[in-house]
Amino acid sequence: MFEDGSLFTHLLVDRLNYVIYVVLLMIGLWAMVAKNNLIKKLIGMSIFQTAIILFYVSIGVKEGATIPIYLSEHDPHGESGEVNNAQSSQPERPQVLEASLVAGYNNPLPHVLMLTAIVVGVATLGLALSICLRIYRAYGTVEEDELLLKLESEELRSSSGSRTRRWRPRSKRKAKVPKSFENTRSRKGDGDSLTSDGSQDAKARSRRPSKPKKSKDGEAS
Amino acid sequence: MSDLIVWIVLFPLFGAVFCSLAGAWSRRICYPVAVLSMLGSVWASVETLMQAILSPVHEVSYLLGGWSLDLFPRGVGIEFRADLLGALIALVVTGVGLIVSIYSKFPVQRETPGKETMYYGLFLLQISGLAGIALTGDAFNLYVLIEVAALTGYGLVALGSNRAAAATFNYVILGTIGASFYLLGVGYLYLKTGTLNMVGIREVIETNGLLESPAMQVSFVLILLGILIKMAFFPFHAWLPNAYCHAPTTTSCLLAPLVTKVMIYVMIRMTLSVFGVEFSFESTLWTEVLPWLVVVAIVCAAVMALAQREIKRMLSYLIVAEVGYMVGGVWIYNYYGLIGSIFHVISDACMTLCLFLGAGIILEKCKTTNFDGLRGLFARMPLTMIGFFIGGFSIIGLPPTCGFFSKWYLITGGMVSERWEYMITLMFSTMVMVVLFFRLIERMHLAVSEDGKNLGAGHGDLGLSKEQSRFDEAPLSMLIPLLLAASIVLLIGVYNQEVVDQIEVFLGAYNLPTGVSYK
Numbered sequence: 000m001f002e003d004g005s006l007f008t009h010l011l012v013d014r015l016n017y018v019i020y021v022v023l024l025m026i027g028l029w030a031m032v033a034k035n036n037l038i039k040k041l042i043g044m045s046i047f048q049t050a051i052i053l054f055y056v057s058i059g060v061k062e063g064a065t066i067p068i069y070l071s072e073h074d075p076h077g078e079s080g081e082v083n084n085a086q087s088s089q090p091e092r093p094q095v096l097e098a099s100l101v102a103g104y105n106n107p108l109p110h111v112l113m114l115t116a117i118v119v120g121v122a123t124l125g126l127a128l129s130i131c132l133r134i135y136r137a138y139g140t141v142e143e144d145e146l147l148l149k150l151e152s153e154e155l156r157s158s159s160g161s162r163t164r165r166w167r168p169r170s171k172r173k174a175k176v177p178k179s180f181e182n183t184r185s186r187k188g189d190g191d192s193l194t195s196d197g198s199q200d201a202k203a204r205s206r207r208p209s210k211p212k213k214s215k216d217g218e219a220s
Numbered sequence: 000m001s002d003l004i005v006w007i008v009l010f011p012l013f014g015a016v017f018c019s020l021a022g023a024w025s026r027r028i029c030y031p032v033a034v035l036s037m038l039g040s041v042w043a044s045v046e047t048l049m050q051a052i053l054s055p056v057h058e059v060s061y062l063l064g065g066w067s068l069d070l071f072p073r074g075v076g077i078e079f080r081a082d083l084l085g086a087l088i089a090l091v092v093t094g095v096g097l098i099v100s101i102y103s104k105f106p107v108q109r110e111t112p113g114k115e116t117m118y119y120g121l122f123l124l125q126i127s128g129l130a131g132i133a134l135t136g137d138a139f140n141l142y143v144l145i146e147v148a149a150l151t152g153y154g155l156v157a158l159g160s161n162r163a164a165a166a167t168f169n170y171v172i173l174g175t176i177g178a179s180f181y182l183l184g185v186g187y188l189y190l191k192t193g194t195l196n197m198v199g200i201r202e203v204i205e206t207n208g209l210l211e212s213p214a215m216q217v218s219f220v221l222i223l224l225g226i227l228i229k230m231a232f233f234p235f236h237a238w239l240p241n242a243y244c245h246a247p248t249t250t251s252c253l254l255a256p257l258v259t260k261v262m263i264y265v266m267i268r269m270t271l272s273v274f275g276v277e278f279s280f281e282s283t284l285w286t287e288v289l290p291w292l293v294v295v296a297i298v299c300a301a302v303m304a305l306a307q308r309e310i311k312r313m314l315s316y317l318i319v320a321e322v323g324y325m326v327g328g329v330w331i332y333n334y335y336g337l338i339g340s341i342f343h344v345i346s347d348a349c350m351t352l353c354l355f356l357g358a359g360i361i362l363e364k365c366k367t368t369n370f371d372g373l374r375g376l377f378a379r380m381p382l383t384m385i386g387f388f389i390g391g392f393s394i395i396g397l398p399p400t401c402g403f404f405s406k407w408y409l410i411t412g413g414m415v416s417e418r419w420e421y422m423i424t425l426m427f428s429t430m431v432m433v434v435l436f437f438r439l440i441e442r443m444h445l446a447v448s449e450d451g452k453n454l455g456a457g458h459g460d461l462g463l464s465k466e467q468s469r470f471d472e473a474p475l476s477m478l479i480p481l482l483l484a485a486s487i488v489l490l491i492g493v494y495n496q497e498v499v500d501q502i503e504v505f506l507g508a509y510n511l512p513t514g515v516s517y518k
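Protein chains in written order, with numbering that gives the first Met the number 0: chain Y, 0 to 220; chain R, 0 to 518.
Note that these hints are calculated values from the structure, not bench results. Among the hints, erroneous ones may be present.
Claimed, not checked - Pairs of lysine to aspartate or glutamate, EDC-like flavour, derived with a Cα cap of 20 Å: (1) Y:Lys-34 x Y:Glu-143; (2) Y:Lys-34 x Y:Glu-145; (3) Y:Lys-34 x Y:Glu-154; (4) R:Lys-364 x R:Glu-211; (5) R:Lys-366 x Y:Glu-153; (6) R:Lys-366 x Y:Glu-154; (7) R:Lys-191 x R:Glu-211; (8) R:Lys-191 x Y:Glu-62; (9) R:Lys-104 x R:Glu-363; (10) R:Lys-191 x Y:Asp-13; (11) R:Lys-364 x R:Asp-471; (12) R:Lys-104 x R:Glu-497.
If we strip away everything but chain Y, and leave its shape as in the complex, we get (with noise of 0.2 Å):
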């Protein structure tokens, strides 16, 4: 099974890391697009990217090599660097190592790069967060089914709200009431009318007796 040149040592010895990435991002796009929920949108959202670091990262790593440090041996600034400074022109630049000492480091520019692309990760992130929670302020869903038939009867009441509103006498308008406050008056009629239900009510207070009064007025009407 592990021997040289099958497709299983090629895909998950070889190349571990890579298919890895590639499971992550399609796992990320997947829930960027086909979730319902907003946060999990931004969750696929956070897996696409780091599967992007992950890949970058992965392509600067060399087999057997460290750090992109000088070792002691090659830095020209160091004691066995001496010569190397002394005959460079301006000690002070940067050296170009030769490519055959190159081989033994890292390549750090990748993960440079990841370092921006962490950044913009979280910035963006952060924005998406903050427009999700004025979502949920305005619309009080996350969900996007929800949302989006929230949005549509919102956009209905506009439109037709320019179209048909005109002016009628103050005497034929209906008195605006806010919401709560019609169901309260409404329950309170309710008890009035329906004494007989009093008793229900009184049995419904001695089976819960620890329910606040609210939710006994909902019972009854």
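Position chain R relative to chain Y; hints supplied.
Leaving out everything else, chain R in the frame of chain Y:
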């Protein structure tokens, strides 16, 4: 002064920082700071364009951070490079930024009261991001600047109503997918070439013969896909209409002319300068497939624009159709098509600016941009309407305006490379635009109410009250930018040869066919 090219980006960047800091002390200072920094930026980009025209190699280059090409190989240090195309686009970006910043005084105060500090900070950052995209010579730096422009764009849109915030969410998701695909493509490019400098990548591809490499193909597909998503090419356009029509007035005036066009610039830059003509156009299937996608894109966007009953939403779909024009102009793979495409980037920025400035004034004065509320606007705001319809006529392509000449080159390109489907689609879309704008003019002169009642007494009487037909123009700070944009549309049309000359100098460096090329 060879560092003027950096000042194009630095003026708005410093302006943004200053706005954000000084805004805590006085909110009133933000508007003059924004206008001043945009003035500086426009001056720097005009000077840079002149330098690029006058220099023998037709480009200005500047290495950031004190690196120099004498001591280190190309690719060490980030380069800002303005060839004629980049300098032209940078001038368009800063010019539009200046006009919109002058215009922004009243709309910003009215729509985002108390948030002027943040608004102008984001506004200026957006312009420095977009101008940076036009100027940078580094593939990864391009990604960072795309994200700078995108993040500030999300912020600018979301500062509007709650509806705008909901629209921004889709914008964020799709924008991130697009930019991430671009980043991934750059990763493969770096893997194969070992450098991020655009000129360096081109050199390595040529010397190492990487044209047949599959990794290069993957990189090309990813980059192109990312850019197509960012520029709202038809199947990926869903974020654009909602975001632009619910955004605050100034935001849509700034984003609509610039964001999609700058992305088309990136596509031209990537195909011509980075991957090279042979790789992009001859060794892939794109030249076969994309023109047909463009046909679908233009037809669908034009029909959807026809179905809208609200000016800003209609204009948003027009942008999607215009993106189709320009993508098609590149992918019919022809010298004239590319001239048309680049010229259309410039002229479309001007005319879209014109239209959105006009729509913003209508919204400001009438409180609505529904078609129903437009009756008698020519009597009330004659100057605004003249400016608005100069933009509209340019979209249609009537001769003295710049839209005519860019469309002329696009159609010539389609004809020369025998892409009849593209040519016919352009004609069809022109007809749709005629219907769109003349329907608006009719709406404004019609004496019939929505339920079909005749209101006028004949002989041009619209049945408007004295109040409704009184001369009532927008404030000068909104009117002057609109008329300025309209006169620029006319001026570019009249002096189109000057612009096309520069584009021809730029394209002269590339080996493009002037006849039938595919098959």
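Now the hints, each set against the structure:
no. : hint                  : result
1   : Y:Lys-34 x Y:Glu-143  : holds, 9 Å
2   : Y:Lys-34 x Y:Glu-145  : holds, 13 Å
3   : Y:Lys-34 x Y:Glu-154  : violated, 24 Å
4   : R:Lys-364 x R:Glu-211 : violated, 59 Å
5   : R:Lys-366 x Y:Glu-153 : holds, 18 Å
6   : R:Lys-366 x Y:Glu-154 : holds, 16 Å
7   : R:Lys-191 x R:Glu-211 : holds, 12 Å
8   : R:Lys-191 x Y:Glu-62  : holds, 18 Å
9   : R:Lys-104 x R:Glu-363 : holds, 12 Å
10  : R:Lys-191 x Y:Asp-13  : holds, 18 Å
11  : R:Lys-364 x R:Asp-471 : holds, 9 Å
12  : R:Lys-104 x R:Glu-497 : violated, 33 Å
Checked against the numbered hints given earlier, this structure breaks hints 3, 4, 12; the rest are met.
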